[in-house]
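Okay, here's what each chain looks like letter by letter:
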Amino acid sequence: MSAKLAGPNIQLNELGKLKHFLTLEGLKAHHLTEILDTAESFINPVTNEIKKVPILRGKSIMNLFFEPSTRTRTTFEIAEKRLSADVESLDIQTSATKKGESLLDTLWNLQAMQADMFVIRHSESGAAHFFSQHVAPHVHVMNAGDGQHAHPTQAMLDMFTIRKHKGDIFDLTVAIVGDVLHSRVVRSQIQALSILEAREIRVIGPKTLMPESPEAMGVHVYHNMEEGLKDVDVVIMVRLQNERMTSALIPSEKEFFKLYGLTEERLALAKPDAIVMHPGPINRGVEIDSAVADGPQSVILEQVTYGIAVRMAVMSIIMSNAAQLAQHKLEQEQQASLDLIEYNVQTGDTL
Amino acid sequence: MTELDIDVPQLITKICEQLKQKPMFNQSPKMIGIRTGGEWVAQKIHQQLDLSDELGVIDIAFYRDDFSKIGLNPTVKPSHIPWDIDNQHIILVDDVLYTGRTTRAALNEIFDYGRPASVTLVALLDRKGCRELPFQADIVGESLECSQTIKLTGPEPLKVTILEQSEETA
Chain A
1 MSAKLAGPNI
11 QLNELGKLKH
21 FLTLEGLKAH
31 HLTEILDTAE
41 SFINPVTNEI
51 KKVPILRGKS
61 IMNLFFEPST
71 RTRTTFEIAE
81 KRLSADVESL
91 DIQTSATKKG
101 ESLLDTLWNL
111 QAMQADMFVI
121 RHSESGAAHF
131 FSQHVAPHVH
141 VMNAGDGQHA
151 HPTQAMLDMF
161 TIRKHKGDIF
171 DLTVAIVGDV
181 LHSRVVRSQI
191 QALSILEARE
201 IRVIGPKTLM
211 PESPEAMGVH
221 VYHNMEEGLK
231 DVDVVIMVRL
241 QNERMTSALI
251 PSEKEFFKLY
261 GLTEERLALA
271 KPDAIVMHPG
281 PINRGVEIDS
291 AVADGPQSVI
301 LEQVTYGIAV
311 RMAVMSIIMS
321 NAAQLAQHKL
331 EQEQQASLDL
341 IEYNVQTGDT
351 L
Chain B
1 MTELDIDVPQ
11 LITKICEQLK
21 QKPMFNQSPK
31 MIGIRTGGEW
41 VAQKIHQQLD
51 LSDELGVIDI
61 AFYRDDFSKI
71 GLNPTVKPSH
81 IPWDIDNQHI
91 ILVDDVLYTG
101 RTTRAALNEI
111 FDYGRPASVT
121 LVALLDRKGC
131 RELPFQADIV
141 GESLECSQTI
151 KLTGPEPLKV
161 TILEQSEETA
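Going line by line, the protein sequences match chains A and B.
Anchor point for the first sequence: position 76 equals 76 in the UniProt record's numbering, and the numbering is continuous, going up by one each time.
Anchor point for the second sequence: position 126 equals 126 in the UniProt record's numbering, and the numbering is continuous, going up by one each time.
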């Protein structure tokens, strides 16, 4: 798991509100609750459908995916279109950076095309922070996953899904199972659960897929699946990040499933109403048995649907905060002007 | 400043009587209240008319035309329209018709759900003379001057007080 990145507060504006969305680190419970509450308003409670709203009409959002992604990229695009934004998705792997142009030059060129927001996925931890430090003041950055660092919108859609089923995060015991070491999703999930004060966060997996001191993140560590699943309210399975493993950290996928795969028998150890989650894509027979993935306790496909509402919420909050900050500054300027007039009246000076 | 309480039950009854005279009333109309005050008024009308379909509620926060200036209303809640809009006769209820911008936002939102057969606009109170967009209500409980401001409290009891500036303080 990568080192802590400096300066998470770069994502807050002068009023302490979200300007960028890079990580959950450094955010308060009210920031997260605002996202969850706003996402709620994008879901039609009867049909569970998310309808189109005109809130970002005229705004330009560019999706810069330096790393392959289908689910995240698609849900971001759908969310942007449902907010009525103008959307451009750039396949960076075949673009100017391949021709030798620096990342910053690419960024500034895209910014010159009147972008209001960049959604960035990159294999390097800290890429979204880097971009946010170099964009113009009116441009916003959302992190769609950077290296092993963070995937904040995924964690928030997981929190939203939990809240939909359990009512509140507080007082829940949540088990996260699998490749904790390489997963940016897990890192963000643990931060979100901590901020929202879940009663207990457990991580379950082999020692080879755990960071050096997982307890430092405020979690309880289990290397035995049966022990770790006892009486939990939520089971979050995590994908084996084969592409991020630099050496053989597990004997085989078959062996991993034998020890840590989620089967119906193991799920029976959790609370009877426990829900099963997975950020996807799922590896059937590696992390999870098909009977569980498709079973009545699985909410995996709901996570995908809610991902759209949560991303709509974050984007609309960021743009709303920008509007409120601009209005705040305008009022301050007007007040300063009034103060100046009053001062001149008092002193008898002419303006 | 003078304060005047208005008789809300009487206005609700008057509105209901007028709605019953409309041809669409015999075609199973469905009702939508605009949150928050419009929802309270719609609840009263809906109850008195004993409409069979559940009352719909819309929150126009995502449709306001001043989003780029003031941002999102922090109290935004989900709209709740529990039936299909398509081809339905809709009674849209608001507490006060003022500039017309709320009506514009509400109509835009309704049309994002579907294409109604018709929309009948009901306003408990109409502040005349301040319209910024060309909207008029089909049924109005009471008309007021633009200079008269209104304090609405509810939902139970639903109370409306008209605040009128005296000439000395105006």
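Be careful, since some hints might not be right.
Stated by the list, open to error - Simulated crosslink set (EDC-like; lysine to aspartate or glutamate; CA at most 20 Å straight-line): (1) A/51 - B/145; (2) B/69 - A/333; (3) A/230 - A/264; (4) B/69 - A/49; (5) B/77 - A/34; (6) B/128 - B/145; (7) B/77 - A/37; (8) A/28 - A/168; (9) B/14 - B/65; (10) B/77 - A/49; (11) A/52 - B/112; (12) A/230 - A/265; (13) A/59 - B/145; (14) A/329 - B/50; (15) A/52 - B/50; (16) A/51 - A/302; (17) A/52 - B/65.
No lab work stands behind these hints, which were simulated from the structure alone.
* To do: Against the earlier hints, flag every one the structure doesn't satisfy and list their numbers going up.
  => 1, 4, 9, 13, 14 and 15
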